[in-house]
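Residue numbers (our numbering), protein chains in the order written: chain X, 24 to 126; chain B, 57 to 541.
No lab work stands behind these hints: they were computed from the structure.
Small disclaimer: the values here were computed from a predicted structure and weren't measured.
Each hint should be verified, as a subset may be incorrect.
The calculated DSS-like cross-link candidates involving lysine-lysine, where the alpha carbons are at most 27 angstroms apart (straight line), are [unchecked claim]:
#, chain 1, residue 1, chain 2, residue 2
1, X, 52, B, 212
2, B, 212, B, 90
3, B, 352, B, 212
4, X, 52, X, 113
5, B, 212, X, 113
What follows is each chain in one-letter form.
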Amino acid sequence: MLQEIPTSYCYLLSAIVFIIGAVGAITRKNAIVIFMSIELMLNSVNLVFISSGNAFASMDGSIFVFFVMTVAAVEAAVGLAIFVMLFRMKGTVNADEASLMKG
Amino acid sequence: MVVQIPEMDFGWIVPEIAMTVFAAVALLLTLFRKKNSTWLFVEAMPLVGAIVALYFTFQTWNGNIDIFNNLYTIDNFGVFFKGLSLVILILVTLLSYRYIDREDMARGEYYSLLMFGTLGMMIMVSSNNFITIFIGLEVMSISIYILAGLMGGNAKSVEASLKYFLLGAFATAFLLYGIALIYGTTGMLDIREIAGYVNSGNFMVTPTFMAGLALLIVGFGFKTASVPFHMWTPDVYEGAPTSITAYMATGVKAAAFAAFLRVLFTAFHPFLSGWTYMLWILAVATMTLGNITALKQDDVKRMLAYSSIAHAGYILIALTVGDRTLSSTVLYYLLVYSFMTIGAFAVVIILGRQGSPNTGIESYAGLAGRHPVIAAVMAVFLFSMAGIPPLAGFMGKFYVLTDAIRGGYYWLAIIGVLNSVVAAYYYLRVVMYMYFKEPEAEIGAPDVSIGSTLAIAISVVVVFYLGIFPRLFLMIAHTSSAIFM
């Protein structure tokens, strides 16, 4: 028999994914991996929107997901361009190498 | 279900449409430009666009209407901040002309991204719906990620762009998760609907809701450069092209504070008393850390970056007091702060040279002897930031601290005053270098142009005007913030 997944499970899963993303973004050194972690965080946001939109039977959540996905795509385009610039200059995309300014 | 969009609605967003069209035309003109032909038309686009948009923005004053099925709102609060961001666009464009030439940046992209960034601010400050606020925030942020790195061959600029992008995207994720959790508890994205729901009595405060609110504060705290979410600020402000630093320090901060204020005071005002301690700590930490760290900076651009963090702290005092009738103080402070900051960065720009920005404090030694006018205007901006009457910065601080005392936050007011004393030290240190030190090295003639002269002149006049006759703009700020009552 088919049963609906409780919304609280979705919240829990999204919180776990969000925390994995946040920890990854803080601890990793490679700029592309950091960016992937941030995308993971955005996906956990989408999960909350979808599941709670479903629970409230409202379309707003699903619409918001489209905007989040669009913005994530735009960020990816801009981000990769910035990483290419960094790579041309330093020969690496290691975020720790970008340390000219401090203090 | 058929969604109807009345044609009338488009009449209200003419300023936004104008900005979009002028930005797109600037890009197209760059694309089809013949080699060695004039840049004049591209360079005129932001000025013409801003003036057209400013004209139509003022037409919507006292409009007070919700359009596009409540996704967009025309009210005086939005009009105030739209006007402010357009004026900032004009000033930044004026001081960019010579600077872009000097640093050899991509002109078409620069001007059209400036306009798209302003478009994002305009959208962000005039909406009561989280979707539109988010879209505006991202249009603004993404334009600025690129603008910060537009000085392609410069390692510092690329680094600033990388840092701003990674931390900005990180903060966006927090903001979004906050919005998602609030949507998860209330099922609404319109902040006035949320306000109605939380005030209705059948609303239970859940941990999810409070976590959402906390994440929202983190997201906005990042955009407004408040401690402890300020780590990116000094590096990004130092590395980015100076004109973009001026734009980030004023436009982005004003728009972010506007959206923050709108969300906090509309939807979450009942919970604000529970958050007072957090905002109190945020305000004190932002002021104190900004000022203390600025003390030991020997680079004027970096010092101004820390000072902009400290100014965010003063604005947070007004947010902490949380009195809706007093929110006009925030608007007035942001207005004052924008002009004095742009003026100070304009002076930093004209003292620079291609390849040597001359932002070290030793470059300012003996400036008064060689270029008395430049030293005098820089002193005006610095005195204003330090809060010395009769300049605008004094009135801004005066109203913020009066709010704190009226609200009964005596300690906050005392810490605010002590902080302005600390701040006076590093502002006056630059003045001391300019007036009482012998020049250490020849930095050459200042790179003055008509554009930067005009931008500085406007800023000086406004700083004096707002300091001596604050009444008119205070009344305007008061009318604008009436939406919260």
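Here's how the hints hold up against the structure:
Between the alpha carbons of residue 52 of chain X and residue 212 of chain B the distance comes to roughly 19 angstroms, so the proposed pair stays at or under 27 angstroms and holds. In summary, the hint linking residue 212 of chain B to residue 90 of chain B is not supported, as the alpha carbons are separated by about 32 angstroms, beyond the 27 angstroms threshold. At most 27 angstroms may separate the alpha-carbon atoms for a hinted pair to count; residue 352 of chain B and residue 212 of chain B meet this at roughly 21 angstroms. The hinted pair formed by residue 52 of chain X and residue 113 of chain X meets the criterion: a straight-line CA distance of about 15 angstroms does not exceed 27 angstroms.
Between residue 212 of chain B and residue 113 of chain X the CA atoms are separated by roughly 12 angstroms; this keeps the pair inside 27 angstroms, and the hint holds.
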